[in-house]
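Undergrad: Take a look at the letters that make up each chain.
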Amino acid sequence: MKYWDIAYETLDREVLKAVQLKRLQELVKYVYGNVPFYNEKMNELNVKPDDIKSLEDITKLPFTEKEDLRKNYPDGLFATSKRDIVRIHASSGTTGKPTVVAYTKEDIDLWQNMMARALYAGGVTAADIFQIAYGYGLFTGGLGFHYGAERIGAIVIPVSGGNTAKQLMLMQDLKTTVLACTPSYAIYLGEEALKRGIDIKNFGIKEGFFGGEPWSENIRKKIEELWDIKAYDHYGLSEIIGPGVAFECSQQNGLHINEDHFYPEIVDSKTLEPVPDGEVGELVITTLTKKGMPLLRYRTKDLTKVISRSCECGRTLVKIHRIMGRADDMLIIRGVNVFPSQIEEALLSVEEVQPHYMIIVDRINSMDVIEVQVEVNENVFSDEIKDLEAFEIKVKNQIENILGISVSVKLVAPNTIERFSGKAKRVIDKRVF
Amino acid sequence: MLLPQLSVFVENKTGVLNGVINILANNSINIRGLSLAETKDFGILRLILDKPYKALELLKKNNYTTILNEVIAVEVKDEPGGLAKVLNILAEKGINVEYMYGFLEKNKDNAIIVLRIDDIERAIDILIENNVTLVKRDDLELI
Numbered sequence: 001m002k003y004w005d006i007a008y009e010t011l012d013r014e015v016l017k018a019v020q021l022k023r024l025q026e027l028v029k030y031v032y033g034n035v036p037f038y039n040e041k042m043n044e045l046n047v048k049p050d051d052i053k054s055l056e057d058i059t060k061l062p063f064t065e066k067e068d069l070r071k072n073y074p075d076g077l078f079a080t081s082k083r084d085i086v087r088i089h090a091s092s093g094t095t096g097k098p099t100v101v102a103y104t105k106e107d108i109d110l111w112q113n114m115m116a117r118a119l120y121a122g123g124v125t126a127a128d129i130f131q132i133a134y135g136y137g138l139f140t141g142g143l144g145f146h147y148g149a150e151r152i153g154a155i156v157i158p159v160s161g162g163n164t165a166k167q168l169m170l171m172q173d174l175k176t177t178v179l180a181c182t183p184s185y186a187i188y189l190g191e192e193a194l195k196r197g198i199d200i201k202n203f204g205i206k207e208g209f210f211g212g213e214p215w216s217e218n219i220r221k222k223i224e225e226l227w228d229i230k231a232y233d234h235y236g237l238s239e240i241i242g243p244g245v246a247f248e249c250s251q252q253n254g255l256h257i258n259e260d261h262f263y264p265e266i267v268d269s270k271t272l273e274p275v276p277d278g279e280v281g282e283l284v285i286t287t288l289t290k291k292g293m294p295l296l297r298y299r300t301k302d303l304t305k306v307i308s309r310s311c312e313c314g315r316t317l318v319k320i321h322r323i324m325g326r327a328d329d330m331l332i333i334r335g336v337n338v339f340p341s342q343i344e345e346a347l348l349s350v351e352e353v354q355p356h357y358m359i360i361v362d363r364i365n366s367m368d369v370i371e372v373q374v375e376v377n378e379n380v381f382s383d384e385i386k387d388l389e390a391f392e393i394k395v396k397n398q399i400e401n402i403l404g405i406s407v408s409v410k411l412v413a414p415n416t417i418e419r420f421s422g423k424a425k426r427v428i429d430k431r432v433f
Numbered sequence: 001m002l003l004p005q006l007s008v009f010v011e012n013k014t015g016v017l018n019g020v021i022n023i024l025a026n027n028s029i030n031i032r033g034l035s036l037a038e039t040k041d042f043g044i045l046r047l048i049l050d051k052p053y054k055a056l057e058l059l060k061k062n063n064y065t066t067i068l069n070e071v072i073a074v075e076v077k078d079e080p081g082g083l084a085k086v087l088n089i090l091a092e093k094g095i096n097v098e099y100m101y102g103f104l105e106k107n108k109d110n111a112i113i114v115l116r117i118d119d120i121e122r123a124i125d126i127l128i129e130n131n132v133t134l135v136k137r138d139d140l141e142l143i
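Protein chains in written order, with this note's numbering: chain P, 1 to 433; chain U, 1 to 143.
No lab work stands behind these hints, which were simulated from the structure alone. Take the hints with a grain of salt, since some may be wrong.
The calculated label-pair distances, taken between Cβ atoms and stated as ranges, are [said to hold, decoys possible]: (1) P/M169 / U/P80: 53 to 61 Å; (2) U/I128 / P/N365: 43 to 51 Å; (3) U/P80 / P/M367: 49 to 57 Å.
Here are the simulated EDC-like cross-link-like pairs (lysine to aspartate or glutamate), alpha carbons at most 20 Å apart as the crow flies [unchecked claim]: (4) P/K425 / P/D328; (5) U/K54 / P/E378; (6) U/K60 / P/D328; (7) U/K40 / P/D50.
These numbers were taken from a predicted model, which means no experiment stands behind them. Using N, Cα and C, we set each Cβ at its ideal position, and we do this for glycine too.
Only chain P is shown next, with the shape it has when bound in the complex:
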């Protein structure tokens, strides 16, 4: 058996469309009745649930953006009573407040099933030993993979992120067969093992699932050679459900979206009009069946294109290209979403700082590093090194408190950072994906 859920994964496309339409109609009725935010938005657009007569009518519905989640923090978009919510996750927000998402028992069950589909497609079975080096906690990565692998019946080793020595030790001693983590961590871990003279190729690991940040075919090749495994791409975002939105099959040439539950559109991110198949645009997703916090037409800001609606693996689920970039300025640093505006906010909360800064992102020894360059003005400057170092630490702490990841701060001379009259370009990303 190569499908976790043969009925839906290989459903005739016409039947699939009928299923999607029925679910969309129910969803629209549900959010119109239960979420004041959507009720108001639909009234503004003068659209009623009964107006959704075909899948194409989805374009009549309002978009949802990350900003809407932030404005409705913490529970304004919940569609059920809190009694029915069993889990909260969160991702980083633009103002220090996280973006909260809520799951009912049914949503968790759906999530597990979607993850099981993805892992099963990559060959995971109950005989596997599945090591998870994604972070656990509010971040959906760790728990998403955890429950998916557990649903299949694999032995799950929930190591969480970091701690290289322990990862390698457990991998060797417990005879791990599958690894799940960010692609950059897979490379870091592999290279560390080589440095320590550990022969990871003979560990018996056969495959890995890597996501949470954009990567490329070159990185895939590198991981596959380093570990002697098959490396599968994976896509998800907490707003939709977490990992489990789209996955690669054995063909390794694109990601199947679980579109019986997550209805995809690809739109021009400026005009918001649908683009023809094969053209690059922004991925927009509607959660057809979620109950706790369903979303209409959520703008992921991730750029991709449709590859096909059939596949040699037999799945009829639409296949999209690996994520090709972002429609906004969000950066993904070690799997954590970072917006330049968050760094600006942190800087401006230190009173002496002027809003002239530059963010340099690089990848050193396979780890993402972020340097924030801040101009030194006369309010900050001192003739004593210790004062300037104290200032650096103050800025560093402020940024780290908001981002939740470590950064280095570098003081630079005034007017060395370019001034912008229009939209400022404050990020130099030197990483090669």
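Starting from the known structure of chain P, fit chain U onto it as the hints suggest.
TA: Chain U in isolation, oriented as in the chain P frame:
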């Protein structure tokens, strides 16, 4: 007793130091003493100049982060133990020196040591009580 010292923020990049020094040279400003404190990324150039206020204006105009603060300088015998004597006096009274640097004056037998001290007024009193010679602005021909 208090001497004006300019401090300039210099990035740890080729040519930055030249920029500052060239501005001084082109405007006939003479450097009487200097020290450069550096970290991995940046340095602080501290200068005792004959025309400190003019230099401050020029450097600011050229976008160098520059501040002026006051330091004291003492004359010490240009021989082993000369500096030790001064520092011992300060240490005994619990006066902490943040940093210091020295230079020689061409017309004197003594070395000149610039001292950066937080409790500057008290340090001056103590040094005078102990007959240490403090350098005055006129001694260095500061304008």
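Undergrad: Each hint needs a verdict: does it hold in this structure or not?
TA: Hint by hint, here is what the structure shows:
no. : hint                        : verdict
1   : P/M169 / U/P80: 53 to 61 Å  : holds, 58 Å
2   : U/I128 / P/N365: 43 to 51 Å : violated, 57 Å
3   : U/P80 / P/M367: 49 to 57 Å  : holds, 51 Å
4   : P/K425 / P/D328             : holds, 12 Å
5   : U/K54 / P/E378              : holds, 17 Å
6   : U/K60 / P/D328              : violated, 38 Å
7   : U/K40 / P/D50               : violated, 66 Å
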